[in-house]
Each structure stands twice: as C-alpha cells, then as structure tokens.
Amino acid sequence: MTVNKIFFYCAFLVVTSFSFAAQSANDLDSVRIWAAPESTRVVFDLSQAPEYDSFTLTGPDRLVVDIKNASNKVKLDKLSNNSKLIKRIRVSSPPVKGTLRLVLDLTKPIKSNLFTLSPTPPYGNRLVVDLDDSFSEEARAKTTIHSSGTNRDIIIAIDAGHGGEDPGSIGPSGMYEKRVVLDISKRLADKINATPGMQAVMTRTGDYFVDLNRRSELARRSKADLLLSIHADAFTSPQPRGASVWVLSMRRADSELGRLLEQTEKHSELLGGVGDIIQNSDVEKYLVQTLIDMQKNNSMVMSNDIAKDILRDLGSVTHLHKKAPEAASLAVLKAADIPSILIETGFISNPGEEKLLINRNHQQKLANAIHKGVIRYFENNPPSGTLVAQSTNTKHKVKSGESLSLIARRYGVSIDGIKKANNLKSDVVRIGQQLIIPRA
Numbered sequence: 067m068t069v070n071k072i073f074f075y076c077a078f079l080v081v082t083s084f085s086f087a088a089q090s091a092n093d094l095d096s097v098r099i100w101a102a103p104e105s106t107r108v109v110f111d112l113s114q115a116p117e118y119d120s121f122t123l124t125g126p127d128r129l130v131v132d133i134k135n136a137s138n139k140v141k142l143d144k145l146s147n148n149s150k151l152i153k154r155i156r157v158s159s160p161p162v163k164g165t166l167r168l169v170l171d172l173t174k175p176i177k178s179n180l181f182t183l184s185p186t187p188p189y190g191n192r193l194v195v196d197l198d199d200s201f202s203e204e205a206r207a208k209t210t211i212h213s214s215g216t217n218r219d220i221i222i223a224i225d226a227g228h229g230g231e232d233p234g235s236i237g238p239s240g241m242y243e244k245r246v247v248l249d250i251s252k253r254l255a256d257k258i259n260a261t262p263g264m265q266a267v268m269t270r271t272g273d274y275f276v277d278l279n280r281r282s283e284l285a286r287r288s289k290a291d292l293l294l295s296i297h298a299d300a301f302t303s304p305q306p307r308g309a310s311v312w313v314l315s316m317r318r319a320d321s322e323l324g325r326l327l328e329q330t331e332k333h334s335e336l337l338g339g340v341g342d343i344i345q346n347s348d349v350e351k352y353l354v355q356t357l358i359d360m361q362k363n364n365s366m367v368m369s370n371d372i373a374k375d376i377l378r379d380l381g382s383v384t385h386l387h388k389k390a391p392e393a394a395s396l397a398v399l400k401a402a403d404i405p406s407i408l409i410e411t412g413f414i415s416n417p418g419e420e421k422l423l424i425n426r427n428h429q430q431k432l433a434n435a436i437h438k439g440v441i442r443y444f445e446n447n448p449p450s451g452t453l454v455a456q457s458t459n460t461k462h463k464v465k466s467g468e469s470l471s472l473i474a475r476r477y478g479v480s481i482d483g484i485k486k487a488n489n490l491k492s493d494v495v496r497i498g499q500q501l502i503i504p505r506a
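For the sequence shown, the numbering used here gives the first residue as 67, with consecutive numbering after it.
It should be emphasised that the hints constitute simulated quantities derived from the structure, not laboratory data.
Quick caveat, the model's predicted, so the values are computed rather than measured.
Treat the hints with caution; some may be incorrect.
Unchecked claim - Listed below are the simulated DSS-like cross-link pairs for lysine-lysine, each with C-alpha atoms no more than 30 Å apart in a straight line:
1. LYS362 <-> LYS461
2. LYS374 <-> LYS465
3. LYS362 <-> LYS463
4. LYS486 <-> LYS463
5. LYS388 <-> LYS431
6. LYS252 <-> LYS289
7. LYS139 <-> LYS177
8. LYS438 <-> LYS362
9. LYS150 <-> LYS134
10. LYS389 <-> LYS465
11. LYS461 <-> LYS257
12. LYS139 <-> LYS257
13. LYS463 <-> LYS438
14. LYS438 <-> LYS289
15. LYS463 <-> LYS289
16. LYS257 <-> LYS400
17. LYS332 <-> LYS362
18. LYS491 <-> LYS465
19. LYS431 <-> LYS252
20. LYS289 <-> LYS150
21. LYS400 <-> LYS252
22. LYS463 <-> LYS421
23. LYS289 <-> LYS362
24. LYS134 <-> LYS163
As the list claims (entries may be wrong) - DEER-style ranges, computed between Cβ atoms:
25. LYS463 <-> LEU145: 53 to 61 Å
26. GLY483 <-> LYS332: 50 to 58 Å
27. HIS333 <-> LYS177: 20 to 28 Å
Backbone N, C-alpha and C define an ideal beta-carbon position, used for all residues, glycine too.
Just need the whole structure built from these sequences, with the hints factored in.
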C-alpha cells in the first residue's frame, strides 16, 4: 500500500468516525415544565432513547441528571418556569466528555422519580422527571378536609380530563381537548360553588397532568360525594357528534366508541406517565374485598341515576350522541366509594362541534346543564347530614308491599306528617306514587 493510499484510508476512517459520532449523538431538542400545586413534571425531549443516571445533592438542594452521549440545543435560561419547586435548570461540567450534565436547582429537598417514555404522537423520545411534594407537612396542611357532621356541604369533585403532557384529542383546527374541558370544568365549579350547600373541588386547575388513579384519590381526600370527569369526544371520522355520559362497566365496552375511549385512556397514561401501583397487604383481604364490592355496587347504581339526570339536561342545550348512559371500563370511574361519571361534552373531531366547544356561551350552557342535573339528583336524594338534606324534603317513590306506616317508620316521621305534606285524605298509597317526606 502506497503512502498516498494509507493517508487517504486513514483520513476516511477519521471522517467516518466523526460522522458516526455525530449521527449517534442524542440531541436535547426541548424542555417543558408542567407545574401542579403539589408537584412538577419536567420533560426532556430527545432525538433518541436516552441512557441516563441521576443523583441528588444538598447545600443547596439539586437534582443532577447525566445523559450519556448527548448534546444540548436548548436555551435553558429562556425556559418558561412557574414551578414552586424548581429555581432553574442549567448545564454543568460533565463527569466525562460526551455526557450532558443537567442540574435542577431546587427550592427544597424533594422526592424525585425519573423514567423514559417512547415516542407517542405528538411526542418523541422523552426523559421525564417527576418532583412530588404531596407528602410534605406543608402540602398535607393545605389539604381541604370537610366535616362529615351535620349541615356539611355536598362535595362535587370536578376532573378536567388530560392536561400537561397529555393534550387529549386534537380538533381539526388544532384545538386541544385539555384546554376546552378545563374551561368547561371551571365554569361548572363556579356554578356549584354559587349553590348553597354545595362545594366544588378540582383535580387540576391548570395545564398539568394528573395520574388517572390519583384523580380519584384527590376526590377521596376532599371527601367528595360525586366525581365528574369532563372530556370532549373524538372519533376516526369527522361525522359523529353529540354529548354522552359514561359510567363504569365491569367488563370491556361493547360499542366501538367505548373501546376507542378505553384505548384513549391507555394513550393518556403513555403520554402522561406511569400509573400508581396499589398494593393491599391486609390479611383480611376477603372481607375487605366484599366491603369494596358492596360499596362499588352502590356507587354504580348512584352513578347511573345521576347520569340519567345529567343527560336529561344536556339534551336541552346540545345534541346527544346517545340518550342513555353508556358503560366502559375506565380508571377514572373505578373509585369504589365515590359515584363517578365521565361526561363527553361533544365531538372535538367534528368541525362544527369543535367550534361550539370553543365558544364561551356554549361552554356555559354545558356547565349550566350539568349543574342542573346534579342539583336535581341531590335535591331528590340528599346525603344525610348535609345542609341540602336539612333544607329539602325527601321524596319517596312507593314500591310494591309498602304501606304508609312502613314508610313513616323508615324515615322516622309520623303518618299524619306524611299525609299533611302530601294532602292525603286516607292512609292508602299506590305503587309508583311519589311522596314528600317531611323533615323529622
């Protein structure tokens, strides 16, 4: 081999090596910070699946993330950051050449969880950092605890679907479901909070993702009497339209739309992150399971009744996709102790309904209708010990085998009291008759 050939061969190897190294480098393309009241999620968008290590430092508090064979293309000092847990994100000197060292300067010692997510449209490869402050003393002190005593408020938990890393369905004009449903949810919360004897709590109040299992936990923390999850539907074609109301099914959904809804929920989990693992180490697991099943059955009956009331009023302000409640196996509906309903306010995939869902007046009409249905149900079925129960006469529909004396004993009131409240001339009642039960 001549000297010239050796020179060109070596030059070729050098160029090829540099080219291969350039191609194999993992680029940090963008960074997104999603701040929630008790947590913050940081998403690093990368060109490839990352290899990474992490560790924490104190004095001051920092989380250090090393991404192997990576380079930074982001102006970190220009990041939008509204997190109460992160001061800033910066690059620091790497331990070895070719490693990208990212430092999250924290405001306090905080629990962190890191994991990767594979490409899921509209996103590519991601490294996710979750910072959780929900178990701190300060966060626990902020948790609203409602009394279960006399004259308490009826608590309605409102869950605006999707959020943050998970945009939900995307309309023809590019509108994200997560934005529309948050607007409707806030309007609904305002209506409920303006109703004497009722109070709304929201699982999210801004643009951040809340794990599907945690949504029920937030409702439970607030001792909610009902969980309403607000969504906007989508389909593979633009034709379907109309609102629908979903309740829990113990088996897989029968309808194509229901199966699509279940798949969408799994997609949300992929976009938003990993779900919590619930472990039950109780030795009395069979007794516990029996009690849970009883609670779940009662919640499912209540959910179905409330769903019918909500559908009745939604039908007066918008087209209904289905006039009866539909059923699907969805995580957000599975709280055994809380009646839970998922409301699809319309098809964001339908160009006409997307325009309606963006319209503020239509959003208010939807919120008013849902509120009206909820109010009607709880006025007819007020939970004991609530202000609504104290100010509203209970109603009872006479069933087969019931007499006036039996009904009076059940509610702890006198026969004369029931007769007076209903203008009855005798003790005879008929099946299906609606009776007003006066307060004891």
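Is LYS332 close enough to LYS362, meaning Cα to Cα at most 30 Å? Given pair LYS332, LYS362 holds - Cα atoms ~22 Å apart, limit 30 Å.
Has the given pair, LYS388 with LYS431, been kept, meaning a C-alpha gap of at most 30 Å? holds, 19 Å
Given pair status - LYS289, LYS438, alpha carbons within 30 Å: holds, 22 Å
So if I understand the rule, the pair passes when the alpha-carbon distance is 30 Å or less; does LYS463 with LYS438 pass? Holds, because 21 Å separates the two Cα atoms, which is no more than 30 Å.
Agreement of LYS400 and LYS252 with the hint, judged by alpha carbon distance not exceeding 30 Å: Given pair LYS400, LYS252 holds - Cα atoms ~23 Å apart, limit 30 Å.
Taken at face value, is the distance from the CA of LYS465 to the CA of LYS374 at most 30 Å? Roughly 20 Å between the alpha carbons, so the hint for LYS374 and LYS465 holds.
Taking 30 Å as the top limit, are the C-alpha atoms of LYS362 and LYS461 close enough? Judged against 30 Å, a Cα distance of about 24 Å means the pair holds.
Against the range 20 to 28 Å, how does the distance between the Cβ atoms of HIS333 and LYS177 compare: consistent or not? holds, 27 Å
Verify the CB-CB distance for GLY483 and LYS332 against the hinted window 50 to 58 Å. Holds, since GLY483 and LYS332 (Cβ atoms, about 54 Å apart) stay within the stated range.
Taken at face value, is the distance from the CA of LYS465 to the CA of LYS389 at most 30 Å? holds, 26 Å
Against the 30 Å threshold, does the CA-CA distance of LYS431 and LYS252 hold or violate the hint? It holds: about 13 Å lies between the C-alpha atoms, which stays within 30 Å.
Are the Cα atoms of LYS289 and LYS362 separated by 30 Å or less? It holds: about 16 Å lies between the C-alpha atoms, which stays within 30 Å.
In summary, the structure is inconsistent with hints 12 and 22 from the numbered list given earlier, while agreeing with the others.
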